[in-house]
Amino acid sequence: MTDWFDKMSDFVESVRFSLLITRREIRDQLRDWRIIFPVLALTVFFPFLMNFTARQILGFVEKYGASIIAERLVPFLLMIVGFFPISVSLVIALETFVGEKERGSIEPLLNSPLMDWQIYLGKLLAATVPPLVSSFLGMGVYLAGLFIKGVALPPFALLVQIAALTAVQAVMMVAGAVVVSSQATSVRAANLLASFIIIPAALLIQGESIVMFWGNFEDLWWVVLGIFVLTILLVRVGLAHFRREELLGREIDVLNLRWAWQRFRSEFVGEAATVWQWYAGLFSQTLPRMRFAVVAMTALAVVGSVLGYHQINRFMIPISETILQDLDENLHRMATAWALPNLLPVLMIWWQNVRVMLLAMILGVFSLGILGGLPLLVSMGVAGYLVALLSANGLPTLGYLAFVVPHGIIEVPASILATAAIFRAGAILATPTPDKTVGEVWLLAMADWCRVMVGIVIPALLLAACVEAWITPLVALRFF
Amino acid sequence: MIHAEDLTKRFDDILAVDGVNLNVGAGQVLVLLGPNGAGKTTTVRMLTSILVPTRGRAVVAGYDVIRQPEKVRASVGVLTEHHGLYGRMNALEYLEFFGSLYAIPQPHLRQRIENLLEQFGLLDAMRRRLGEYSKGMRQKLALVRALLHSPPVLLLDEPTSAMDPESARTVRDALHTLRSSERAIILCTHNLFEAEELADQVALIRRGRIILNDTIAGMKAALLGPPEYEARVVQQIDGWKSDLPAGVMLVASAPGTLRFQVDRPQINNPLVLRLLLESGLDVVSFQEVPRSLEKAYLAAVNMPEHP
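Protein chains in written order, with the working numbering: chain Z, 12 to 491; chain W, 608 to 914.
I should point out that these hints are in silico values taken from the structure, not numbers from a laboratory. C-beta atoms are modelled at their ideal positions from N, C-alpha and C, and glycine is treated no differently. You may find that some hints are simply not true.
Unchecked claim - Under the rule of at most 30 angstroms between Cα atoms (straight-line distance), these lysine-lysine pairs were calculated in the DSSO-like manner:
id, chain 1, residue 1, chain 2, residue 2
1, Z, K18, W, K678
2, Z, K447, W, K678
3, Z, K74, Z, K160
As the list claims (entries may be wrong) - To list a few chain Z residues with every Cβ distance to chain W over 10 angstroms, as calculated:
id, residue
4, E282
5, V314
6, H343
In isolation and in its complexed conformation, chain Z is listed as follows:
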């Protein structure tokens, strides 16, 4: 117990040094009119504008009895009022490291006896406080305006939810910007890379708006949780790859495609001289490295099926026996049309599945691997839901299984492997790799993903498509 207290007090003492940096930087920001004026404008003037807009729209829509739109608009505008100062304050976060590097003031700080994480945390906090404070101030001004004008405020629980959403969004964007700043070679490069933060964040806001206008307010908590996890990962990535040497070492932005290709190729090919050796490497090195990710994705697939199965309690659709009447005829027609050697349905099914895996990869790239599992989760959820739906309607579930199991036994493991590869890529990015840059780590992780895709997933999906087109309809016919 004493040990624990000693460790805690050491940690608190260490954090104190980070706070010295935070305090200095915030004081510096408060002395810069180029930061103060826009932030003040967005916290004071913009909420009034939103307030005015809200009242005008409320008056307009209520004339036509669309009071539900009015109800949803007030919290939506509150979220927008909170978001705008964050996007402006992002400039502070974007230049937190690279700006100091350009001004030449970073080296004395790097020469100080502070550890890397202390410097990083100090700067992260300094970049987080202004956007958060200005967001909450703006939201306060907006709500106060509504209150004074006698407009009904959203329920307290919703206010808390939007405050939480704004807070995690602010920290996520700042954490992303600080990662960019610690890795970029110039402020110009950091500003150009900012679109990788602003665009996904804007898309997220649009998604949240839809959820909000739809009235699924409780679902917003899932969004809060998701962003929170992503924020933690972004902070972890920043800490894992923050190195004094990198910050001072890199001077110019050169896109070295030749080097990138050579690194990618050497990781993709390995030491293999033949295809057999390459496959041996894939099974003896790459797949064992992915074992934890495979276990995680398998668990995700199971969770997806179970969650999907339980959705029947929320979305019960009655199915009448008549739907099954045409099934036999349709199955016969399908079995005839898709019979061997017709390759078109095979290629269509295969391409569809490959496209989903590519989507998983793109989602994974933007979310440090987390959202890479989303297509798998959704697919397994739909499968689980359909089983429950048939069962709830008293229809034969065995017949349904005949529709999915023959190709599913190949397709599902292939999907698990593909999503595990992208999940692992995200995990690697969040792991300290002292001798590699973020770009290099990402390049090598993508090479691993390509190995799995080319070596196993794409051929397995082709095989599964053959089974789905040529065998599954015949098997299903036996059960109906």
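Go by the hints and put chain W onto chain Z.
The following block gives chain W in isolation, referenced to the frame of chain Z:
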């Protein structure tokens, strides 16, 4: 105090520092000389644990630069090429911030700041924004920052380059005092006058390699040959000839002047002088011909490279 062994740093395909060996004891000043891009800053950054050596090892103030980076940084005062001041802070705030990072207790810190600012003539400007400081003032303040935590080791990059002669003198005097108080100092400079005044040792670095590490006198002897001595005589002689002792060579002769290159002057100079007198020449003066460090430096950097 500073010990580096085979210190090497490679950036991708560029070998910035190649097998540097250094030894600087307490109370010694090592001047690191070399052309721009020779590897001086990279060497200093490795010694401050900012850059991790690709090969080799270094111990600074008793701490290993790879395994104990925080302890190394706490024991070193660094003056970098870019002074890195925060323009919106005043000198007092700036130094208090860095003093806190080095965990200097508050009452002692304020006293230390005021003493150092006074020493370098900045006390009156203590509350002025650093953005308003002149180049020389900034450099002095950066030096104060490097000295703030009384480090046993100082690594100074061009400490007087932007200063007026009076300020530069103040800094050089301060460096003499620091040397007397047993600090180990590495000084990177292009100012050869300064190097000559301060250096106990000179290390000449070219393309990442130390090509010479010696005292100033040793370096001059190695690069320019034995020292030269000039004798002025009353007689307007021309073409004086005599049997000179071994290790002595007549290199120039003009009416009333003879110039010798003398190996082992302690032994040979009395012999030369005796010879001149025995030849019936009335010697007015006999003194060493000053040879600039610049000449030696240029000879070194233009030397053909060994494979």
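Structure-based check of each hint:
Annotation: proposed proximity of Z:K18 to W:K678 holds, straight-line Cα distance about 19 angstroms (limit 30 angstroms). For a cut-off of 30 angstroms, the pair hint linking Z:K447 to W:K678 stands: about 25 angstroms separates their Cα positions. With a C-alpha separation of about 18 angstroms, the suggested pairing of Z:K74 with Z:K160 holds against the 30 angstroms cut-off. Here Z:E282 stays apart from chain W, with its beta-carbon at least about 23 angstroms from theirs, past the 10 angstroms limit.
Interface exclusion of Z:V314 from chain W stands, the closest Cβ pair being 43 angstroms apart, more than 10 angstroms. No Cβ of chain W comes within 10 angstroms of the Cβ of Z:H343; the nearest lies about 65 angstroms off, and the non-interface call holds.
The structure is consistent with each of the numbered hints, conforming to all of them.
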